[in-house]
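Trainee: We have chain E; now place chains W and C onto it with these hints.
Protein chains in written order, with the numbering used here: chain E, 1 to 116; chain W, 1 to 625; chain C, 1 to 512.
It is worth saying that the hints were derived from the structure and are not from the lab. From the three backbone atoms N, C-alpha and C, an ideal C-beta is built for every residue, glycine too. Hints are supplied without guarantee of correctness; some may be wrong.
[Said to hold, decoys possible] Here are the simulated DSSO-like pairs of lysine-lysine, each with C-alpha atoms no more than 27 angstroms apart in a straight line:
hint	chain 1	residue 1	chain 2	residue 2
1	C	Lys371	W	Lys152
2	C	Lys438	W	Lys152
3	C	Lys379	W	Lys152
4	W	Lys97	W	Lys366
5	C	Lys438	W	Lys573
6	C	Lys456	W	Lys152
7	W	Lys350	W	Lys97
8	C	Lys371	W	Lys573
9	W	Lys97	W	Lys152
10	W	Lys594	E	Lys20
11	C	Lys379	C	Lys438
12	W	Lys97	C	Lys379
13	C	Lys438	W	Lys594
14	C	Lys371	W	Lys594
15	C	Lys2	C	Lys486
16	W	Lys594	E	Lys21
[As the list claims (entries may be wrong)] Derived DEER-like restraints, expressed as beta-carbon distance ranges:
hint	chain 1	residue 1	chain 2	residue 2	range
17	C	His418	E	Gln110	42 to 48 angstroms
18	E	Arg47	W	Thr606	34 to 40 angstroms
19	C	His418	W	Leu614	20 to 26 angstroms
20	W	Arg47	C	Gly459	43 to 49 angstroms
21	C	Trp464	W	Leu567	54 to 60 angstroms
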Amino acid sequence: MLYALCFLLFMIGLYCALVKKNMVRIVLGIVIMEYAVNILLIMIGFRIGGEAPILSPPQGLPLKTSLQSVDPLPQALVLTAIVISLGSLALMVSICIRTYQRYGTFDITQIRRLRG
Amino acid sequence: MDRILAILVFVPLAAGFCMLFAPRSIRTLLKWFALLVSIAAFISAIRIFAGQADTFTLVLPLQEFQLDLLLAVTDLNKFILLFATGFGLLIVLYSLKINPDMKHQNAYYGSILMAIGGSAGILLTNHLLWLLIFWEIVTASLYLLISTGGEKCKFAATKSFAMIGASDGAFLLGLAMVWTLSGDVNGSGTFIISELNIGTTSGTGIVAFLLLMTAAVTKAGAMPLHTWLPTSGQDSHASVMAILPAALDKLLGIYLLVLLVKDIFVLQAGALTLVLSVIGSATILVAVMIAMVQHNVKKLLSYHAISQVGYMVLGIATLTPVGIAGGVFHMLNHTIYKCCLFLCGGAVEKAAGTAELEEMGGLGNKMPWTFVACLIGALSISGIPPFNGFVSKWMVYQGVIEMGSEQLGGSSLWPLWLFSAMFGSALTLASFVKILHSIFLSRRPTNMESVREVPVTMIVPMIVLAFLCVLFGVAYFIPLDYFIYPALQMTRSGGEMLGIWDSATATILLIIGTVLGGFILLLSMRTKTVRSVPTWSCGEIQPNDQMIIPGTHFYKTISSLPYLRRLYHIQEKGWFDPYDHGGRIGLGVSGFLKWLHSGLLSTYLTWVAVGLLLTLGILCQIWKG
Amino acid sequence: MKIPLPWFVAIPLAAAFVLPMFGEKVRKTSLAIANGTMALLFLFSIFSLGRQDVYLVGRWTIPFGINLVLDGLSELLLLTVSVVSFASMVFSIRYMQRYTGLSKYLSLFLLMVTGMNGVVLSGDLFNLFVFLEIASIASYALVGFGCEHEELEASFKYMVLGSVASMFILFGVAMLYGMTGHLNMAYVSQALQGASLRLPVVFALAMFLAGFSLKAALVPFHAWLPDAHPAAPAPISAMLSGVLIKTLGIYALVRVVFNVFGVSPEQDWSIHLSWLLITLGVLSMVIGVFLAVGQWDFKRLLAYHSISQMGYVVLGIGIGALVIAQGGSHTWAALAILGGLFHLINHAVFKSLLFLTSGSIETATGSRLLKDLGGLAEKLPLTRTTCTIASAAIAGIPPFNGFWSKLLIVLAAVWAGHVWLAAVTVLVSLVTLISFLKVQRYAFLGNTPAHLDSVKENGGSMSWAMGFLACLCVLMGLLLLIPDLKTTILDPAVNTVLNGIQYAGDTIANSR
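If we strip away everything but chain E, and leave its shape as in the complex, we get:
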C-alpha cells in the first residue's frame, strides 16, 4: 500500500513534467519524483516503534539494538541520493537560465529547434 502511494506520488511528478510547459515546473516535477523515491526508501527502512539507530555503550549490545531500531542503510542511501539530486538540480536550473537567455522564454513548446 505504502509502495503504491509512493508510486502514485512518483507518477504525479512524471505527470507534472509531462503536461507543464514551463521549464522550471518540469524541473519541479522531476524533483517531486526524486522525493517520491526518497520517501519510498525511508519507508522501507521504517519500523513501527523503532528507535534511532545510534549505538552508544550504555544502551546495550549492538545486536539487540539492531532488532529494535529502524534500518539505517536506507537513510544513508537517501542522503546520497539527495546529494546527487542536488547536483543534477543545480545543473538543470542553470541550463534553464542559460536557455532563457538564449530563447527569451521558459515555454518548452517554443523551444523546439531540434526535431525530425
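Mentor: Below, chains W and C without anything else, positioned relative to chain E:
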C-alpha cells in the same frame, strides 16, 4: 594443397586494397603495377587450368561454423577463372591509355585488382560463407569503380550498390537458411558447397532457393532488379562497364546459378523452374524492347547486357543437359562479345567525345579496327551464324524444345519461352543495325572530321575479343569440348546435341557468299559510274552534308504504337524501377517518423510513460499464464 | 601485473579534480595529464584481461561492505570504454583548439569516464546508480558545452529524460532492497532465486527495464538521443554514442536481467522478458534506421544509427535469452549473445570513428549538413578513407568487423527458428547501407563546390585518432577468427551472461 590458389585470390585482393590507399606521388606507377599483377593472375589461372584438380585449405579455428577457407579447383570453375582473369588483363591493358589524367587512378586500378581477386575467390571457394564475403568484395569494388567517374556517377554508384546490396542481403538470409537446413536439430549445419544437397520440397528450402537465386540473377543483371545496370551504363566509363557488369558479374552470377541448380539444391522441374523461365524470357524480351529505343550507346548496350542474361537463365531453367550447357556457353560467349562491344563503345566515346547516337556518324573509315570489332560483336550478340552467339542461342533453343518434348516442368508453356527467345534475338539484330548505322555508316557530321582511331593498347583487346567471337563460333567444338562439357560432367554426343548445324560447311558457304557479293559490288562499281548530285527538295537544293539519316529514329514507330507508347512512357519515368519505388516507400516511412519527432518534450515523456506501463503490463502477464 | 580495481575509478576521478586547478593558461599541461590518464587506463584495462576478481572496499566483507567486481563482461566493457575514450581524448587535442574552457571540458570528460568505469565494476545496485548518475550528469553538462541554442535545448531535453530514467532505476533499487534486504547484486540475486514471485519484484524489473532502456535509447525511450548526441562536441558525441549508452544502458540491463534476476527455464518471467528484449531490439532497429536514412545533418544521421545499432545488440541478447528460457541448447544461446556483445564492441569502435570523422569534416568545412558538402574525397583523403571504412563496417560489408557480428545475429535468429527476425535484420542492414551510401554520395563523391576549394585535412592528433580506430575496424574481425583473442576477450563475457545467476555464487566465493 597448392598455394597458387591462395596466391591467385589474395595477391590481387591485397594489392588492390593497398592501392586504394596509395599516396598521390606514385600514381603513375600504379597502372604498370596493376598490369603486372593482372598478368600474373592470368598466368596463374592458366597454370591452374592446365594443372591437376588442386585444393587449398586454410584452417581457421572457429568451431561453430567450420570457417576454414577451402579453395578447390573443379572443372566448372577453372575455365571461368581463366576467362575472368583474362578479361581483367584485357581491361587493364585497355585502360592504360584511356584516362591518363584521371583523378582517381588509385581507386580505379585498385578496385579492378580487387574485382579480379574477389572473382577468383568466388570461383575457387568451396565454402558458401567465404563465397558471400568475396561476393560482397566484388560488389564493393563495382561501387568504387563506378564512383571513379566523377560528378555524374554519384547517383549511378549509389544505386548500383544499393540494389546489389539488397540482393546480397537476400544472399545472407538464404545462406543462413541453407545452414540451418543442412544441419539437424542439435548439430550445426555446413557451409561446404560440395556437401550441400538441399531438397526444394519444403517451404524453407524453396524460400532459401529463391533468396539465393535473387542474389545470382541480380548480380548477372536479370529482371526485376536490373535497373542499376542501365543507370550505371549511361554514366560510367565504358571500361568499367566492360569489366564488371558485362564480364565478371555475368560470369559470377551465372556461376552461382549453376551451383545452386546443380550442387546446392536438388531441383525438380516445377514451380521453381517456371519462375526461372519467366524471369529468363521476360528479361530477354522486355530489355531488348527498351534497348531498341535508346539514344545513348552505353545505355543501349547495358539493356542488351540485361537482355542476354535472359538466355542464360532460360537455358539453365530448362534443366536439360543441352539447355544448361547452352546457358553456360552463352554466358561465356556473352562476356566475350559484350565486353568487346563495350570496349568499342568506349573507344568511340573517347574518339568522338560523345556517347549520343544522334551526334555521331560515318566513323567507319576513320576507325576501321573499331568498326570491324564492333561489327563482329554485333553480329555475335544478334545470333548470326557463324559467330559464337548463334551456337549458344541455338543450344538454348534446343534445350527449351527438349524441355517441352520431355514434358518437364513448365512444359506446356515452352512455345512461349521459345518465341520470346527467338523474337528477342531478332530485335537484338534490329537494334544493332541501328547502332552500326548511327555510329559507323551514316553521313559524317562536320565536327567528326578530326576523329582518329584509338591507340593500339585499346585496339588489341577489342581485336582479341572479336577474334574469340569468330573462333568460338566457327570452331564451337573447341570451347564445348575443353570448357563446357567437362565442367558439366557431360560428354559430347555427336550431332544430336546441336541439331543439324554444321558450322564448317556453313562458314565456307557464307564466305563464298560474301566474296561473291563483294565481287558483284566491285563489278558494278567498275561498270557503272555513279553520279552524285545535291538533294532536291521542295524546289530547293539542299547540300548533301546536311542530309543525315540518323539511326536513332529507326524504331520510333514501335515506341509510338498505341499501347506500347504508354508503356515506354511510364518506363522512362521509372515506374518499373524497384529502386525508385523502394526509395519512395522508405522516404515516406522516414517522413512519417520524422513528423512524429516533433521536438515536444511532453510527447517524448509520453512515450516513456507509455513504454513503462506497457513493459509493466507485459511482465504482469506472468500471472495470467 | 595485478591492477587494484579502485584505480579504474580513482585515477580519472583524481585527474578530474586536479585539472580545473590549472586554469586556462596551461592548456598543454592539462591536455598531457588528461591524455596520460587515458593512456594509463587503456594499459590497465589490457592488463586486467582474463582476470576474475573482487575488491572489497575498506575490507568490509559483503554484504556489509561495498565491493567492486571484475568478471568477463566487465573486462570487455572496461576495455571498450578505455579504447574509445583514449581515441576521443587524443582527437580532442586538436579538435578543442576552437573551444574555450578546456580544463572544464577535460574534467567533465574524465568524470564521465569515472562514472562509466564505476558502473562497469560496481558490485552493488546502489553504487551502480551513483556511478551512473556521475556519468550522466557529466554528459548532460558536456552536451550543453557549446552553450548555443541547440546545445542548450538538447541538454535540457536530455537531462529531463535522463533524470526520469535515473529515478526509474532508483525506484527499482529501492523496491528490490525492500523485497530482499540487500543491495549487493550477488545477495539480491540469491534472495530472488529462493523467493516466490511477488508483484514488487516484477515491478522493480519493469522499472529497471524502462530505466536502462532510456539510458540505452531503445525505442520508444529514444527521443533524447538524436538531439543530444549531435549537439555535443565531436569527441563527446563519439563517447556518448560509442560507450555511454552501452555502459549505462546495455551493460547495466544485461547485468541486472541476466545476473541479478536471472533468465532460465525455471524463472517465470524469462519468456516474457526475452520477448520484451526482442521487441525493443526490433523496434529500435527498424525505427532508428528509417529515421536515419531521411536525415541531412550528418551527426543526426549517425545518432539515429546508434539507436538502430543498439537494437541489433539487444536483439542478439534477446534471442539468446529466448533460447535459454525455452530450454534450448546453450551453444546457440551463446552464439546469439556472442553476436550481440561482439556487435556492441564493434559498434563502439565504428560509431565513435564515424563521429570523429564528422568532427573532422565539421572542423575542415564548417558545416555538417550533407547538402552543403561535396567532393571531399580529394580534399580530405584520410577522413574519406576512415569514414568509408567505418561506413562499410556499420553497413556490414565483409571483411570489416560489423559484418561478423551481424552474421552471427542472423545465423542465431535463423537457428532459433525466427526467420522473420533474420529478415528484419537484413533489411535494416540494407537501409543502413543505403544511408551511408547517401553520406558518401553527398559528402565525398563528385566535384568540389566552389566554397570548399580551400578545405584542408586537419591533421595532427585528429588524424592519429581516426587512423587508430580505422585500423581497429579492419582488424577486429580477427577477434572472432583468432581463437586466443576470442577466448580471452569475448568468451568470458559471453559466459558471464550465459551462466546468469551463477554470478552470485562466483562473486561470493571470490570475496572470501
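Trainee: Indicate, hint by hint, whether the structure satisfies it.
Mentor: Hints, one by one, checked against the model:
1. C/Lys371 with W/Lys152: 16 angstroms, holds
2. C/Lys438 with W/Lys152: 15 angstroms, holds
3. C/Lys379 with W/Lys152: Holds - the C-alpha atoms of lysine 152 of chain W and lysine 379 of chain C are around 19 angstroms apart, at most 27 angstroms.
4. W/Lys97 with W/Lys366: 19 angstroms, holds
5. C/Lys438 with W/Lys573: With a Cα-Cα distance of about 22 angstroms, the restraint between lysine 438 of chain C and lysine 573 of chain W holds, given a limit of 27 angstroms.
6. C/Lys456 with W/Lys152: 24 angstroms, holds
7. W/Lys350 with W/Lys97: 10 angstroms, holds
8. C/Lys371 with W/Lys573: 25 angstroms, holds
9. W/Lys97 with W/Lys152: 22 angstroms, holds
10. W/Lys594 with E/Lys20: 24 angstroms, holds
11. C/Lys379 with C/Lys438: 19 angstroms, holds
12. W/Lys97 with C/Lys379: 26 angstroms, holds
13. C/Lys438 with W/Lys594: Roughly 18 angstroms separates the two Cα atoms, so the pair holds.
14. C/Lys371 with W/Lys594: 18 angstroms, holds
15. C/Lys2 with C/Lys486: Holds - the C-alpha atoms of lysine 486 of chain C and lysine 2 of chain C are around 22 angstroms apart, at most 27 angstroms.
16. W/Lys594 with E/Lys21: Given that 27 angstroms is the threshold and the Cα spacing comes to 22 angstroms, the pair holds.
17. C/His418 with E/Gln110: 42 to 48 angstroms: Since the Cβ atoms of histidine 418 of chain C and glutamine 110 of chain E sit about 45 angstroms apart, the hinted range of 42 to 48 angstroms holds.
18. E/Arg47 with W/Thr606: 34 to 40 angstroms: Given a distance of about 39 angstroms, which is inside 34 to 40 angstroms, the answer is holds.
19. C/His418 with W/Leu614: 20 to 26 angstroms: 21 angstroms, holds
20. W/Arg47 with C/Gly459: 43 to 49 angstroms: 46 angstroms, holds
21. C/Trp464 with W/Leu567: 54 to 60 angstroms: This hint holds: roughly 58 angstroms between Cβ atoms.
Taken one by one, the earlier hints all hold for this structure without exception.
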